[in-house]
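Asker: Assemble chain D onto chain B, guided by the hints.
Protein chains: 2
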Amino acid sequence: MIRCDQTVAWTALQGHFEGHGRELDLREAFARDPARFEAFALQAPEVFADLSKNLWDLATRKLLLELARECALEDRRDAMFAGAPINTTEGRAVLHTALRAPRGFGPFSHEVHGVLDALLNYAEGIRDTTASGIRDVVNIGIGGSDLGPQMVVPALDAFAHPGLRFHFVSNVDGHDITPVLRKLKPAETLFIIASKTFTTQETMANAAVAREWFLAQGMAEADIARHFVGATTNLNAATAFGIHTTFGFWDWVGGRYSLWSAIGLPIALAVGSDHFRALLAGAHAMDRHFATAPLEANLPVQLGLLDVWYRNFHRFTSRSVAPYHQGLKRLPAYLQQLEMESNGKCVDFDGQPLTFGTSPVVWGEPGTNGQHAYFQMLHQGTDVIPVEFIAVKHPTHAHADLHAKALANCLAQAQALMRGKTTEAAAAEKAPTASPTLDARTVARHRSFPGNRPSSMLLLDQLNPRSLGALIAMYEHRVFTSGAVWGINSFDQWGVELGKALASDLLPRLVPGDQHGATTGLDASTAGLLRRLTA
Amino acid sequence: MIRCDQTVAWTALQGHFEGHGRELDLREAFARDPARFEAFALQAPEVFADLSKNLWDLATRKLLLELARECALEDRRDAMFAGAPINTTEGRAVLHTALRAPRGFGPFSHEVHGVLDALLNYAEGIRDTTASGIRDVVNIGIGGSDLGPQMVVPALDAFAHPGLRFHFVSNVDGHDITPVLRKLKPAETLFIIASKTFTTQETMANAAVAREWFLAQGMAEADIARHFVGATTNLNAATAFGIHTTFGFWDWVGGRYSLWSAIGLPIALAVGSDHFRALLAGAHAMDRHFATAPLEANLPVQLGLLDVWYRNFHRFTSRSVAPYHQGLKRLPAYLQQLEMESNGKCVDFDGQPLTFGTSPVVWGEPGTNGQHAYFQMLHQGTDVIPVEFIAVKHPTHAHADLHAKALANCLAQAQALMRGKTTEAAAAEKAPTASPTLDARTVARHRSFPGNRPSSMLLLDQLNPRSLGALIAMYEHRVFTSGAVWGINSFDQWGVELGKALASDLLPRLVPGDQHGATTGLDASTAGLLRRLTA
Chain B
1 MIRCDQTVAW TALQGHFEGH GRELDLREAF ARDPARFEAF ALQAPEVFAD LSKNLWDLAT
61 RKLLLELARE CALEDRRDAM FAGAPINTTE GRAVLHTALR APRGFGPFSH EVHGVLDALL
121 NYAEGIRDTT ASGIRDVVNI GIGGSDLGPQ MVVPALDAFA HPGLRFHFVS NVDGHDITPV
181 LRKLKPAETL FIIASKTFTT QETMANAAVA REWFLAQGMA EADIARHFVG ATTNLNAATA
241 FGIHTTFGFW DWVGGRYSLW SAIGLPIALA VGSDHFRALL AGAHAMDRHF ATAPLEANLP
301 VQLGLLDVWY RNFHRFTSRS VAPYHQGLKR LPAYLQQLEM ESNGKCVDFD GQPLTFGTSP
361 VVWGEPGTNG QHAYFQMLHQ GTDVIPVEFI AVKHPTHAHA DLHAKALANC LAQAQALMRG
421 KTTEAAAAEK APTASPTLDA RTVARHRSFP GNRPSSMLLL DQLNPRSLGA LIAMYEHRVF
481 TSGAVWGINS FDQWGVELGK ALASDLLPRL VPGDQHGATT GLDASTAGLL RRLTA
Chain D
1 MIRCDQTVAW TALQGHFEGH GRELDLREAF ARDPARFEAF ALQAPEVFAD LSKNLWDLAT
61 RKLLLELARE CALEDRRDAM FAGAPINTTE GRAVLHTALR APRGFGPFSH EVHGVLDALL
121 NYAEGIRDTT ASGIRDVVNI GIGGSDLGPQ MVVPALDAFA HPGLRFHFVS NVDGHDITPV
181 LRKLKPAETL FIIASKTFTT QETMANAAVA REWFLAQGMA EADIARHFVG ATTNLNAATA
241 FGIHTTFGFW DWVGGRYSLW SAIGLPIALA VGSDHFRALL AGAHAMDRHF ATAPLEANLP
301 VQLGLLDVWY RNFHRFTSRS VAPYHQGLKR LPAYLQQLEM ESNGKCVDFD GQPLTFGTSP
361 VVWGEPGTNG QHAYFQMLHQ GTDVIPVEFI AVKHPTHAHA DLHAKALANC LAQAQALMRG
421 KTTEAAAAEK APTASPTLDA RTVARHRSFP GNRPSSMLLL DQLNPRSLGA LIAMYEHRVF
481 TSGAVWGINS FDQWGVELGK ALASDLLPRL VPGDQHGATT GLDASTAGLL RRLTA
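Those protein sequence lines, which keep their order, are chains B and D. Just so you know, we're using my numbering here: the first sequence kicks off at 1 and counts up by one. Just so you know, we're using my numbering here: the second sequence kicks off at 1 and counts up by one.
FYI, nobody ran anything at the bench for these hints, they're computed from the structure. Glycine included, C-beta positions come from ideal geometry on N, C-alpha and C. Errors might be hidden in some of the hints.
Unchecked claim - Stretch-level coverage of chain B by chain D, calculated; a stretch enters the list once three of its residues show a Cβ under 8 Å from a Cβ in chain D:
1) 226 to 239
2) 333 to 340
Said to hold, decoys possible - Dumping the calculated EDC-like pairs for lysine to aspartate or glutamate here, alpha-carbon to alpha-carbon at most 16 Å:
3) B:Lys-183 to D:Asp-157
4) B:Lys-421 to B:Asp-25
5) B:Lys-430 to D:Glu-497
6) D:Lys-421 to D:Asp-25
Isolated chain B (complex conformation) (with noise of 0.2 Å):
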């Protein structure tokens, strides 16, 4: 398998980029290029992207292109897709595109539709709230299985049951579960227990909590039956926590990529069965896209080379992402995982060091809040930080006067990023404020602005079940299209399991017990907070 920087598209993208890729002006490349909107604008299903904004040209992208196709980014698609075990360090397949194709379409069809059929029947049964008496759910989950989920609801909060609250429970920290189990009624209240192995330590440490007010509330052992389920493949630990009713999932379905499956049952129950095969039908519609389009009209194998451009040879540390929609509120959180959890990586398939940078740091909030927050430094400090917007055409509420509000912004501040403030067109203003003690010619280099800023922006018709799913996919593939020029393996998580092994260790010494206050074998700075902790 060829290594990224081993390749003649990258020595060549060097080449480019130290000649005139480095020093690319988007406000003369606009000038020079009347089709530049036109080159570099994509339609994917439900996803029109512009990638005008960037920091790259024609020859930039060629460049790109060829790098994909050294690096076999095709092939390696095509494994996925067919279900080969390319999660070689765990010997799995990777088939969540599996999990929202339609009946009968590729590997796994008849296990997944069973498994989707039932659940979908369970989540309108609960839905029926005049027959069920749920009122309040609850998701107790963490990572892969609470982050999609915590997400997806309130995107789709205009396609969701009136009737219904929503909870995310995942902190092992008490101060999570405590606030929320004020709020309820056990009688009305129905707790998922989403877990693949139902070992995880935090959601079983809060479905236990849970379990205990449930009981604790006058509720017997009997009912946990009725008010529990459980997102899990271990029957016989769901079995012996009381629950009866459980929707498994498969081996190649990984957290981060499993709010399509049972793991999407707080989903489910929120929009009902058809929105959910909608956001399914969604995903499927850009699984294909990036399955068959080819890689010069492929949105989400442009985005994952332009994430290589940036990081590799602009050497661009982290991405912000700007949805202009106050409903994608947790789509940054919901990408950190996606992102970082695949790609923050430092050896490649064959466990040989990587000498490039890997994932960026992916962060940021809805605009216009982040406007009145972090803008400042993305417009006037010192480091480049490339911006993705999102934003919609049509809102799903009935304010088109805050609409055009909202749009306005986005588009403004794409443009600002990119056109900037020269000193002497701020010092040909007005200043509105006076300043006595700085002369105009100061006041002015204050209000500059350097501008050629890059950005993206990602339009949605509307933001709905469908146009959700065919997002949340393209991410997916653009994950998998930058791990891919980086030879690593976006599948696994290696670099979860020391913290989870020290702390077994340090628990014991945390609690009363034989080892309570015990420093052996620990560093001077964790035997010294140790001792705090428990003096």
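Answerer: Structure of chain D alone, referenced to chain B:
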């Protein structure tokens, strides 16, 4: 005013970094110096800090303190407390510290305590829910008029009125206010309109929607006075809106430093007078520490200098904040504004371009959630990202077992980042998952960790009003410190102006009317997007 990069200490720091600072190995440093933990432990009011797991030694710290002195940090600090117009570009004093000083202490005490007494008196009236009839409080504000209360109210959940629910509406995107209004009964709702000028675009748009909804629900114009309150200094505009009760503040209170003022009304409503005063007292205690402790024992100073060390010598571009307390879930978003809006600047006081990095990206999620998301990258990614852990000794809930697990995880993550795991050690373990296609050595490489990754640990006895006040003030002064060294005006935000102006230009092109769809004067990308949005 001397530029930090022109100082003797800066040059010495460069030599120190090139000499051995860059190569410092924490594991060796702890082995070499049994007193390292104590040497880098600091006790400030309410906050204990262990800074020993950072990539510095006593020589580094000595040089950083010299840098602070050469940059006249103490003079600048004293000028701030004395009310000098240190926000030079706006010609204003910076006196958020006056908002939390005891009666009779420091500048503007009479004015501050006058408003504070009235605010708390009003808050107690609403908190008498039997008399007031209020059950839901909706804060409408954005940026500094949102993030402080939005962060503090859940953090102090254990101290909050059990009969009041809080909602925060900030985004001009109508998907923010729409689901909030759906849950409310107008007769039981109090809307706070938080905008110093009563002209903030987002806030006034949402206030208008709230007002319209309120009347459409059958309430009368005369009811507005009882159900809307203003945190504003624009009495005329508030009165025209129908508001009779307003609480003002002063031009020396910056938006991102305003939770201590009338902007803190949601906090006062949640926790009441005594707890609000305790929040102020905690902040004041930290103010006195910052103002009077020698730099060698000054926590905000040391944190700020560490930020400079990491940013300008190690060239780290971001810092991850990991509060192991779910109540602090919005602290990272709060710090994004506090740090990045304050120090995300590329010119110095005199308007001269800076040639070194300033504010890093600040980001994070509560632990243990982060462990199941992006911690993979912190442990095994290609970049070094300093992590800031926050833990509490005593929880405000009754689940001691959960709290021990949270603490064990927090300590373990810091330990794991530093310790790492060699390929040899990984090879010696029994691998939990057999991999049919990879040999044992390769798998061990995937399961090894570089280690030597830095972190800080901030420890509170308990998260309560007083400690939270101290913690937030610590962050404010830390940002002051790095800003002072960098020679930045940390108190203006000119970088938000250009986008605002361009949004005003774009808005008429997006709404029905003469200019609808007009693309005159726009770059091809903005024009192309506008055409799609208005087609």
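Asker: Now look at each hint and say whether the structure bears it out.
Answerer: The hints, checked one at a time:
1. 226 to 239: violated (count 0)
2. 333 to 340: holds (count 4)
3. B:Lys-183 to D:Asp-157: Since the Cα atoms of Lys-183 (chain B) and Asp-157 (chain D) sit roughly 13 Å apart, the hinted pair holds (cutoff 16 Å).
4. B:Lys-421 to B:Asp-25: With Cα atoms ~14 Å apart, Lys-421 (chain B) and Asp-25 (chain B) stay inside 16 Å; holds.
5. B:Lys-430 to D:Glu-497: holds (13 Å)
6. D:Lys-421 to D:Asp-25: holds (14 Å)
Violated hint: 1 only; the structure is consistent with all others.
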